[in-house]
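**Q** With these hints in hand, go ahead and build the complete structure from the sequences.
Chains as they are written, first to last, in this note's numbering: chain A, 12 to 108; chain B, 44 to 369; chain C, 6 to 107; chain D, 4 to 202.
What the hints contain is simulated information worked out from the structure, not anything from laboratory work. Where a beta carbon is used, it is the ideal one built from N, C-alpha and C, also for glycine.
Okay, the calculated bits of chain B under chain A, using three or more residues with CB under 8 angstroms as the criterion: (1) 64-78; (2) 92-99; (3) 117-124; (4) 159-167; (5) 187-197; (6) 201-211.
Pairs of lysine to aspartate or glutamate, EDC-like flavour, derived with a Cα cap of 20 angstroms: (7) B:Lys127 - A:Glu104; (8) B:Lys116 - A:Glu102; (9) B:Lys127 - C:Glu102.
From the derived model, a few chain D residues whose C-beta atoms are all more than 10 angstroms from chain C: (10) Ala53; (11) Leu76; (12) Pro85.
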Amino acid sequence: MTPDLIYGLTGIAVFAIGLVGALCAQDRLRRVLALKLCSVGAGFVLVVAAWRTPPADPDPVPHALVITGIVVMISATAVALALIRRLQTLEAEDDDG
Amino acid sequence: MTDAATLFDLLLAGSVIALAIASLTVRDMFAAIVLFVIFGLLSALAWVRLSAPDVALAEAAIGTGVTGALLLKTLHHLRYVTGKLGEGQARDLTPIATVPAGVIWANAAFCGMITLGLALAFLGAPQAGPGFDSLVAEAMPASGVDHPVTAVLLNFRAYDTLMEVVVLLAAVIAVWQIERGLSDAPAPALGEVWQGFARLTLPAIVVVGTYLLWKGSEAPGGAFQGGAVLAAVGLLLLLSRIYVPRPAHRGLARWAFVLGTGAFAGVALLVSGGGRVAFEYPAQHAYSLILLIEGLVTISIAVTLAALFHGREPVAAPAPEGRNDT
Amino acid sequence: MPDLITFISAALIAAGAVFFIAGTVGLLRFPDTYCRLHALTKADGLGLALIALGIALTASSFGEVFRIALIWFFVAVASATGGHLIATHARRVDRAEGKEGS
Amino acid sequence: MRKTAEQTAEQTPGHDAPRPVRATQMVLRDTPLPPGARWRRFAVKLVALALIWGVLTEFRLDALYFGVPAILLGAALVFVMPVAPGWRISPAGAVNFALWFAVQSVRGAVDVAQRAFSPAMPLRPGFRSYAPDLPGGAPRVMFLNTITLLPGTLSAEVAGDEVIVHMLDTRADLEADLGALEARIAALFGLNVKSRGST
Numbered sequence: 012m013t014p015d016l017i018y019g020l021t022g023i024a025v026f027a028i029g030l031v032g033a034l035c036a037q038d039r040l041r042r043v044l045a046l047k048l049c050s051v052g053a054g055f056v057l058v059v060a061a062w063r064t065p066p067a068d069p070d071p072v073p074h075a076l077v078i079t080g081i082v083v084m085i086s087a088t089a090v091a092l093a094l095i096r097r098l099q100t101l102e103a104e105d106d107d108g
Numbered sequence: 044m045t046d047a048a049t050l051f052d053l054l055l056a057g058s059v060i061a062l063a064i065a066s067l068t069v070r071d072m073f074a075a076i077v078l079f080v081i082f083g084l085l086s087a088l089a090w091v092r093l094s095a096p097d098v099a100l101a102e103a104a105i106g107t108g109v110t111g112a113l114l115l116k117t118l119h120h121l122r123y124v125t126g127k128l129g130e131g132q133a134r135d136l137t138p139i140a141t142v143p144a145g146v147i148w149a150n151a152a153f154c155g156m157i158t159l160g161l162a163l164a165f166l167g168a169p170q171a172g173p174g175f176d177s178l179v180a181e182a183m184p185a186s187g188v189d190h191p192v193t194a195v196l197l198n199f200r201a202y203d204t205l206m207e208v209v210v211l212l213a214a215v216i217a218v219w220q221i222e223r224g225l226s227d228a229p230a231p232a233l234g235e236v237w238q239g240f241a242r243l244t245l246p247a248i249v250v251v252g253t254y255l256l257w258k259g260s261e262a263p264g265g266a267f268q269g270g271a272v273l274a275a276v277g278l279l280l281l282l283s284r285i286y287v288p289r290p291a292h293r294g295l296a297r298w299a300f301v302l303g304t305g306a307f308a309g310v311a312l313l314v315s316g317g318g319r320v321a322f323e324y325p326a327q328h329a330y331s332l333i334l335l336i337e338g339l340v341t342i343s344i345a346v347t348l349a350a351l352f353h354g355r356e357p358v359a360a361p362a363p364e365g366r367n368d369t
Numbered sequence: 006m007p008d009l010i011t012f013i014s015a016a017l018i019a020a021g022a023v024f025f026i027a028g029t030v031g032l033l034r035f036p037d038t039y040c041r042l043h044a045l046t047k048a049d050g051l052g053l054a055l056i057a058l059g060i061a062l063t064a065s066s067f068g069e070v071f072r073i074a075l076i077w078f079f080v081a082v083a084s085a086t087g088g089h090l091i092a093t094h095a096r097r098v099d100r101a102e103g104k105e106g107s
Numbered sequence: 004m005r006k007t008a009e010q011t012a013e014q015t016p017g018h019d020a021p022r023p024v025r026a027t028q029m030v031l032r033d034t035p036l037p038p039g040a041r042w043r044r045f046a047v048k049l050v051a052l053a054l055i056w057g058v059l060t061e062f063r064l065d066a067l068y069f070g071v072p073a074i075l076l077g078a079a080l081v082f083v084m085p086v087a088p089g090w091r092i093s094p095a096g097a098v099n100f101a102l103w104f105a106v107q108s109v110r111g112a113v114d115v116a117q118r119a120f121s122p123a124m125p126l127r128p129g130f131r132s133y134a135p136d137l138p139g140g141a142p143r144v145m146f147l148n149t150i151t152l153l154p155g156t157l158s159a160e161v162a163g164d165e166v167i168v169h170m171l172d173t174r175a176d177l178e179a180d181l182g183a184l185e186a187r188i189a190a191l192f193g194l195n196v197k198s199r200g201s202t
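**A** This is the structure we're talking about:
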């Protein structure tokens, strides 16, 4: 049981949970949350790929990739949330007549 | 000792998975977001265990902190629009159409197959295959900085980072357009305790965020982590209405948005020529150039993240009834 | 001497962990938001202070001690402020739902 | 029809202005700043932030390329923040207060830990209000925050001049505890607040 095995499987599990959530959740906000879980799961796998048994330093390239991924994810999340806010406002207007 | 560490790893991994499930299944949306934030922080902790402090910092600051703030802001807006602002719990905010159980089961089976495939691929992958470690270690002396992750981000793989800043720019343009003319949910009023807190901490956050940026050249930290911390100052100023964006500020904001991209691309083009390609910094100036780019990119990231939080473009407020465009 | 310092530091960190557990137990057992805030602000605050003290004892430089002190100070202020804001909000919700006047 | 902010404010009393506005007024009603006070405060912040920056970067000179803009920007936040009355700290009061505060926060944590671990969970929660005589700004905020770290009390809300305190056990003598706290904070800031009997 080494950390890379434990956290690698954790990452895959988190990705799977996110995937199920993104496909099956009905609340819009929760779907965004589920996609975010997917990205964290992918981050786990990449960070594990960079890991080397302690005295050795980890591989910096996947680390840089994950940081890039985090920033891209927040951009996507921000746009998705803005769309949700807009959509909800339009629907509320329709309901109010 | 190894056993204690393994036990810790197992506990942490279990908590991360449990929190991921809980944040998708708990009914109260506010609780879901809070659980997600805890999930993000524990993931960051796990990444520290995997000796990836840079990634952990970025995840904690951007992936969890700023994302959590965005989610809560959206939740507040949804509650306002649906007239459920005063309620203790946030349930059923977006209209829910029931999906047939068969579809859900088919989806779940599909996800299960993908997961199985991923797990098999992960377990079958060669242990500690050749990475880029040796290449990076070889090139480090020429990079101009002492921290490998920063060297990769701003030198070896600078194109990726440039595109990342462009994505951020695209996001803020999209958000400004999507929410054009949307009315704002009333801000929760914060009293004198909050003001005292802001007076004490905001100046210190500015200094600490800049310190993270500066430290990035030799230790974990850098433009994204520092920028996110600085963005927190903007978030707090916006939340407490100490700063209210006005139409007149748009020009300045636009300059701040493109500053990072512009500086990054500008430096890349300026150093090219004379036998060098773009991003091939002259060795004696590499350190200064990287710090210059990082400094300007940080300003852009901070302003952009704060703008993403604020949402709609601050256009001149129309008359209250004029907004009714249905 | 180093052994003694290591021992004291370990003892402080263990004591801090006990208070964190107390805070968590309180969070789970106490009946309403306000009581839970008591557990979080007080027990976890002292837990963090003890752990910070324990780590500061083994720190190698003044800069490190300064950083730990800075972190403790801001977390303490943030937790008191956060506790107050959450309680204020909980009271607003209580009023809106018509529970218990004040 | 889309709701405007004002309409919603009327509909949901929980999120409307009255209470918070009162809180803001309380901060603003205090004596206006003498001219130059903001600049003096700016200078104080400048020195404090420069010290923090210096210790963080181990006083390295090359760090100042980033340090100078950051320190200036941080200190310049003084000019956008709402005005607060000035204050000064009495050194003797500060030492006294720090020691007392350390003891009280340990007592508070032990008290709450005992209640949490005790199978019977002895709680008798409830709200009480208390009207402090401290002036607005730092002394009041300090008072409100410290209440939260004292044994059994939590500052739950500010309503006008009163603070509403949540207590784990309403049988405790709130007036005496908070009176003592108020006196100590007055001493910390070198203020002259008249002592009060129990009301």
